[in-house]
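Start counting the sequence shown at 131; every next residue gets the next number (the numbering used here).
Source of the hints: derived by calculation from the structure; they are not laboratory data.
Glycine included, every Cβ here is placed at the ideal spot set by N, Cα and C.
Among the hints, erroneous ones may be present.
Claimed, not checked - Each pair of labels, with its calculated beta carbon distance range:
| # | residue 1 | residue 2 | range |
| --- | --- | --- | --- |
| 1 | P147 | A232 | 36 to 42 Å |
| 2 | K229 | D151 | 29 to 35 Å |
| 3 | V227 | P147 | 18 to 24 Å |
| 4 | T219 | P147 | 17 to 23 Å |
| 5 | G148 | V226 | 36 to 42 Å |
| 6 | R154 | I223 | 21 to 27 Å |
| 7 | S200 | D151 | 15 to 21 Å |
| 8 | E228 | L199 | 17 to 23 Å |
| 9 | E165 | T219 | 32 to 38 Å |
| 10 | F178 | L199 | 19 to 25 Å |
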Amino acid sequence: MATQVSKAVLVRLQALPGREDDVRDFLNQGLSIVEGEPGTVRWFGIKFGPSSFGIFDAFPDDEGRQAHLSGAVAQELSQKSGELFEEPTIELIDVVVEKQPA
131 MATQVSKAVL
141 VRLQALPGRE
151 DDVRDFLNQG
161 LSIVEGEPGT
171 VRWFGIKFGP
181 SSFGIFDAFP
191 DDEGRQAHLS
201 GAVAQELSQK
211 SGELFEEPTI
221 ELIDVVVEKQ
231 PA
């Protein structure tokens, strides 16, 4: 059975002109980083539109979320801001209900 989640983060990334493929690559690299974070139990790189991307990740508790927010992906977000995308918008979310993966 999958780990139930109660906390999440939604990050919105607006790619700088001509950097859309680089943002997609950034998201692919992010996946390999979070695979080493036991408290990050769901992680999605998402695309809202032609130059609008995001990250949605979920955690069993606030401890996992805080560890993630101080981890390598958060550091990479900070470093790539202004180079690949505008300043990210980060929303902390409480999960009300979920359908767990099979």
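> Which of the numbered hints are not met once you compare them with the structure shown?
Replying inline: 3, 7, 9
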